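The primary structure of each chain is shown beneath.
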Amino acid sequence: MPKWGMVIDLETCTGCQACTTACAMENNRLPGENWQDVLFYSEGSYPNMKLSWLPRPCMQCENPSCVSVCPTRATYQTEDGVVLVDWNKCIGCKYCMVACPYGVRFYMDEKPVVEPDIRAAFPGEGQRSWNPPFRMPDEYEDPSKGIGIQPKGVVSKCTFCYHKVSQAPEGVADLDEANPETREFTPACVRVCAPKARFFGDLDNPESKVNELIAEKGGVRLKEETGNKPKVYYLSGGGAPVVPGKRSTRS
Amino acid sequence: MASMTETAPAVERGNHFQMHLIVALALVAIGGGYALFELLQYGKVQFNTTNYGIFWGFPIVVYDYFLLTSTGLAMVAALYHVFGLEEFKFVAKRCLWLALAGLMGGVAVLFLELGNPWIALWATPLNMQTSSPLFWKVLLVGAYTALLAIVLLGTIVNRDDRRNPLMYAVGLLALLITLAAGSVYGMMAMRPVWFGGQLPVVFLIESFMGALAFTVFFTHLKNGFNHDTMRPQTRALFEGTLANMFAISIALHFILHAGRVVTGLWSNAEGFQVWGHIVASPLFHFSMWGCIALPFVLMLLPATRRNGMAQILAAALVMIGLLISRYEFIIGGQQVTLFKGSWSPEILSYSPSIGEWALLVLAVGIANAVYAFAAWKLGAEEHR
Numbered sequence: 001m002p003k004w005g006m007v008i009d010l011e012t013c014t015g016c017q018a019c020t021t022a023c024a025m026e027n028n029r030l031p032g033e034n035w036q037d038v039l040f041y042s043e044g045s046y047p048n049m050k051l052s053w054l055p056r057p058c059m060q061c062e063n064p065s066c067v068s069v070c071p072t073r074a075t076y077q078t079e080d081g082v083v084l085v086d087w088n089k090c091i092g093c094k095y096c097m098v099a100c101p102y103g104v105r106f107y108m109d110e111k112p113v114v115e116p117d118i119r120a121a122f123p124g125e126g127q128r129s130w131n132p133p134f135r136m137p138d139e140y141e142d143p144s145k146g147i148g149i150q151p152k153g154v155v156s157k158c159t160f161c162y163h164k165v166s167q168a169p170e171g172v173a174d175l176d177e178a179n180p181e182t183r184e185f186t187p188a189c190v191r192v193c194a195p196k197a198r199f200f201g202d203l204d205n206p207e208s209k210v211n212e213l214i215a216e217k218g219g220v221r222l223k224e225e226t227g228n229k230p231k232v233y234y235l236s237g238g239g240a241p242v243v244p245g246k247r248s249t250r251s
Numbered sequence: 001m002a003s004m005t006e007t008a009p010a011v012e013r014g015n016h017f018q019m020h021l022i023v024a025l026a027l028v029a030i031g032g033g034y035a036l037f038e039l040l041q042y043g044k045v046q047f048n049t050t051n052y053g054i055f056w057g058f059p060i061v062v063y064d065y066f067l068l069t070s071t072g073l074a075m076v077a078a079l080y081h082v083f084g085l086e087e088f089k090f091v092a093k094r095c096l097w098l099a100l101a102g103l104m105g106g107v108a109v110l111f112l113e114l115g116n117p118w119i120a121l122w123a124t125p126l127n128m129q130t131s132s133p134l135f136w137k138v139l140l141v142g143a144y145t146a147l148l149a150i151v152l153l154g155t156i157v158n159r160d161d162r163r164n165p166l167m168y169a170v171g172l173l174a175l176l177i178t179l180a181a182g183s184v185y186g187m188m189a190m191r192p193v194w195f196g197g198q199l200p201v202v203f204l205i206e207s208f209m210g211a212l213a214f215t216v217f218f219t220h221l222k223n224g225f226n227h228d229t230m231r232p233q234t235r236a237l238f239e240g241t242l243a244n245m246f247a248i249s250i251a252l253h254f255i256l257h258a259g260r261v262v263t264g265l266w267s268n269a270e271g272f273q274v275w276g277h278i279v280a281s282p283l284f285h286f287s288m289w290g291c292i293a294l295p296f297v298l299m300l301l302p303a304t305r306r307n308g309m310a311q312i313l314a315a316a317l318v319m320i321g322l323l324i325s326r327y328e329f330i331i332g333g334q335q336v337t338l339f340k341g342s343w344s345p346e347i348l349s350y351s352p353s354i355g356e357w358a359l360l361v362l363a364v365g366i367a368n369a370v371y372a373f374a375a376w377k378l379g380a381e382e383h384r
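So the protein sequences, as listed, match chains A and B. In terms of UniProt numbering, the first sequence opens at residue 1 and continues consecutively. In terms of UniProt numbering, the second sequence opens at residue 1 and continues consecutively.
Be aware that one or more of the hints could be misleading.
Only pairs whose alpha carbons sit at most 25 angstroms apart, straight line, appear in this in silico SDA-like list of lysine to any residue [said to hold, decoys possible]:
hint : chain 1 : residue 1 : chain 2 : residue 2
1    : A       : Lys-152   : B       : Leu-114
2    : A       : Lys-50    : B       : Ser-183
3    : B       : Lys-340   : A       : Glu-11
4    : A       : Lys-152   : B       : Gly-43
5    : A       : Lys-152   : B       : Gly-32
6    : A       : Lys-223   : B       : Leu-114
7    : A       : Lys-229   : B       : Tyr-52
8    : B       : Lys-340   : A       : Arg-183
9    : B       : Lys-340   : A       : Val-114
10   : A       : Lys-223   : B       : Trp-343
11   : B       : Lys-340   : A       : Val-172
12   : A       : Lys-111   : B       : His-277
13   : A       : Lys-229   : B       : Ser-183
14   : A       : Lys-111   : B       : Leu-39
15   : B       : Lys-340   : A       : Gln-167
16   : A       : Lys-3     : A       : Val-192
17   : B       : Lys-340   : A       : Arg-221
18   : A       : Lys-111   : B       : Ser-183
19   : B       : Lys-340   : A       : Leu-222
20   : A       : Lys-229   : B       : Pro-192
21   : B       : Lys-340   : A       : Asp-80
22   : A       : Lys-50    : B       : Leu-348
23   : A       : Lys-223   : B       : Phe-272
24   : A       : Lys-229   : B       : Trp-266
25   : A       : Lys-145   : A       : Lys-50
26   : A       : Lys-223   : A       : Gly-81
27   : A       : Lys-229   : B       : Arg-235
28   : B       : Lys-340   : A       : Asn-63
29   : B       : Lys-340   : A       : Gly-124
30   : A       : Lys-50    : A       : Leu-222
31   : B       : Lys-340   : A       : Asn-48
32   : A       : Lys-223   : B       : Gly-196
33   : B       : Lys-340   : A       : Asp-117
34   : A       : Lys-50    : A       : Asn-63
35   : A       : Lys-145   : B       : Pro-117
36   : A       : Lys-223   : A       : Leu-39
37   : A       : Lys-111   : B       : Gly-33
38   : A       : Lys-229   : B       : Ser-131
39   : A       : Lys-223   : B       : Leu-39
By construction, these hints were calculated from the structure, which means they are not laboratory data. Nothing here was measured: the structure is a model prediction, and the numbers come from that model.
All chains, full assembly: derive it from the sequences and hints.
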C-alpha cells in the first residue's frame, strides 16, 4: 500500500494559482473556498516591501488532529494514508475545522467568500447544495469519501484527488503528468502546474521522485511542533519555508 | 437556628409561575420563531460564522453557557444529596429543575446550530471515537440527561426532598461533563488562547460560580424578589455558606481570568495578540469590573451580603458576566486565523447576527418555560 505524499518546490512556484483553479474545477469548489489555496504574504511598506506566497493544500497529516477530534469518525484515514471526510457521517460540528492547524477545511453553510452567492444562481437538488456548471462527472462522486458536490451541513477538504490517485496502478512510485501511464491518476493541482513545482508519489517507496527531492533538497514540513506530521513537504533552498505570522505584517 | 421542618412564612409564594410560563413561552415563540424562519428560509448562511476562521459562533457560546450552568446546578444540588449539607436542602430541588431547564435550552440551540444533528444521535455513540473530547461529552450528556430526568421524576412522584442515591451518579456526570467541556478547548494545542491543562478546572469553577448565581437569582424570583418572604433557612444559607462559596468562586474566577489576560498580553506568541483586541473592548471591562469585581465586593461585605437586592444584583451581574467571558473566550480563540495569508485581516471581526441572538432568546425562553411549568405543575417549588 503506497503512502501518498506531495512535494512543493517554493523556489519554482510562481504563485500563478493554476493549481487553485484546477482543483476548483476538478472538485466542484465554491469560488474563494479553495481546497488548494495559494496564500500571499506582504511584509514591510513601500518601497521596502516583499511579496511571498505559499501554496497550501491539505497537509494529509500522518497524525491528523482532525481525525482525532471528529466525534463520529466522519473524518478518517484510508489505508494509503489519505485523510477523507465521510459526508454520510459528518454532523457539521466543525470541531475538525477548529482543530486543523493549517486552516484547510470548509463548511458548506457559511456566508460566501466571494459575493454574490453563486449557490443562488445554480441551486442544487437532492443532496447537492448547489449545481456547479463545471462539475466533475457523476461517476466520480462518492459522499463516503467527501468527493463530489458538497452537501449542506457538512465539512469538506482536499482529498489529494482520491478519485484519481486511488485508481493508480499498483506499485507505481510517482504519479507524474509527464508520464502518459500515470497522467490520468495524478492530482489536478500537480497535473496543471506549469513551472513543475509539484511532485506526487509514494513516500514509502525509496525509488520515488518525492523521496529523492526531500532527501536531496532538504524537504521540510509546516508546523512540525504540532506533531501532525504532514505528508506535504516544501523545498525552499534548504531553509524552512518562510510563513510570516500575522504580527509580521504590522508596520 | 430555625428548625429544618420550619415552614415558610405565611405569605403566599409561587403564584406568579403561570405568568412566568407565559412570558417564557412568548420568548420561545419570538426567539424560536425568528430563528426557525431564518434557518428554513435562508439556512445557516445567515449566521455570522465564516470559513475564514470564526467556525464556532454565538450559538456555541450559548450552548456551552447553558450546559455548564446546568452541570453547575447539579453539583450545587449534590452538596445536599451527596455530601449531606442540610443547608442546601431547600434549594436542591430547585437546582435540579433549573439544571434540566438549562440543559434543554442549551441542547435546543446546539441542535439548531449543528449541520446534521440527527445523525449525531446515532453516529456519535456507534463510532466510538474515544480520542475526541466531543465523543465523551455527547456520551456523558446523554447519560446525565437520562439520570437527571429519573431523579426529577422521583420528585414528582414522591413530592419530597429526600436525598436520592442516584444523585451520586448525576453529580459525577455533571463534574465529568464540565471537565470534558473544558478539554474540548484545552486540548487544542494549535490555538494558544484556548490551550492548557488548566482549562477543565477553569470551566469547573465558572460552572459552579454560575450555578450559585442562578440559585440565588431564581430563589429570589420564586419569592417575587421579596427578601422578607424567603424561608429563614434559605435566607441563612444565602447570607452564610452560599455567600462564602459564591465569593470564593468569584475570586477564583477573577484570578484565573486575570491570569489568562495578563499572560496573553505579555506573550509574543502568534494568536495571543487577540488579547489586546479583547482588552480594548468596553465589554471586557464591564464584565471584569462590573460583573466579577463588583459582585465579589457585594458578597464580601457583611452589609451587602445580607441585603436581598444586593444578592440579586450580584447574581444577575455574574450571570451576564459569565456569558460575556464565555463569548470572549470562544470567539477570541478563533479571531487570529490559522494559515490564511496576509490578505485576511489580522484579527477577524465577529458579532452575532439577529438570528444568532434569537437563539439566545430561544434558550432563555425554553429554560424558563421548563422551570416555570415544573414549578407550577410538577412540584418543583413544593417542600414538605
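Against the structure, the hints:
no.: 1; hint: A:Lys-152 - B:Leu-114; verdict: holds (11 angstroms)
no.: 2; hint: A:Lys-50 - B:Ser-183; verdict: violated (40 angstroms)
no.: 3; hint: B:Lys-340 - A:Glu-11; verdict: holds (21 angstroms)
no.: 4; hint: A:Lys-152 - B:Gly-43; verdict: holds (9 angstroms)
no.: 5; hint: A:Lys-152 - B:Gly-32; verdict: holds (21 angstroms)
no.: 6; hint: A:Lys-223 - B:Leu-114; verdict: violated (30 angstroms)
no.: 7; hint: A:Lys-229 - B:Tyr-52; verdict: holds (24 angstroms)
no.: 8; hint: B:Lys-340 - A:Arg-183; verdict: violated (31 angstroms)
no.: 9; hint: B:Lys-340 - A:Val-114; verdict: holds (15 angstroms)
no.: 10; hint: A:Lys-223 - B:Trp-343; verdict: holds (20 angstroms)
no.: 11; hint: B:Lys-340 - A:Val-172; verdict: violated (34 angstroms)
no.: 12; hint: A:Lys-111 - B:His-277; verdict: holds (24 angstroms)
no.: 13; hint: A:Lys-229 - B:Ser-183; verdict: holds (23 angstroms)
no.: 14; hint: A:Lys-111 - B:Leu-39; verdict: holds (13 angstroms)
no.: 15; hint: B:Lys-340 - A:Gln-167; verdict: violated (32 angstroms)
no.: 16; hint: A:Lys-3 - A:Val-192; verdict: holds (22 angstroms)
no.: 17; hint: B:Lys-340 - A:Arg-221; verdict: holds (17 angstroms)
no.: 18; hint: A:Lys-111 - B:Ser-183; verdict: violated (29 angstroms)
no.: 19; hint: B:Lys-340 - A:Leu-222; verdict: holds (14 angstroms)
no.: 20; hint: A:Lys-229 - B:Pro-192; verdict: holds (19 angstroms)
no.: 21; hint: B:Lys-340 - A:Asp-80; verdict: violated (28 angstroms)
no.: 22; hint: A:Lys-50 - B:Leu-348; verdict: holds (23 angstroms)
no.: 23; hint: A:Lys-223 - B:Phe-272; verdict: holds (17 angstroms)
no.: 24; hint: A:Lys-229 - B:Trp-266; verdict: violated (30 angstroms)
no.: 25; hint: A:Lys-145 - A:Lys-50; verdict: violated (40 angstroms)
no.: 26; hint: A:Lys-223 - A:Gly-81; verdict: holds (19 angstroms)
no.: 27; hint: A:Lys-229 - B:Arg-235; verdict: violated (59 angstroms)
no.: 28; hint: B:Lys-340 - A:Asn-63; verdict: holds (22 angstroms)
no.: 29; hint: B:Lys-340 - A:Gly-124; verdict: violated (28 angstroms)
no.: 30; hint: A:Lys-50 - A:Leu-222; verdict: holds (21 angstroms)
no.: 31; hint: B:Lys-340 - A:Asn-48; verdict: holds (23 angstroms)
no.: 32; hint: A:Lys-223 - B:Gly-196; verdict: holds (19 angstroms)
no.: 33; hint: B:Lys-340 - A:Asp-117; verdict: holds (21 angstroms)
no.: 34; hint: A:Lys-50 - A:Asn-63; verdict: violated (34 angstroms)
no.: 35; hint: A:Lys-145 - B:Pro-117; verdict: holds (20 angstroms)
no.: 36; hint: A:Lys-223 - A:Leu-39; verdict: holds (16 angstroms)
no.: 37; hint: A:Lys-111 - B:Gly-33; verdict: holds (22 angstroms)
no.: 38; hint: A:Lys-229 - B:Ser-131; verdict: holds (18 angstroms)
no.: 39; hint: A:Lys-223 - B:Leu-39; verdict: violated (38 angstroms)
The structure shown violates the earlier hints numbered 2, 6, 8, 11, 15, 18, 21, 24, 25, 27, 29, 34 and 39.
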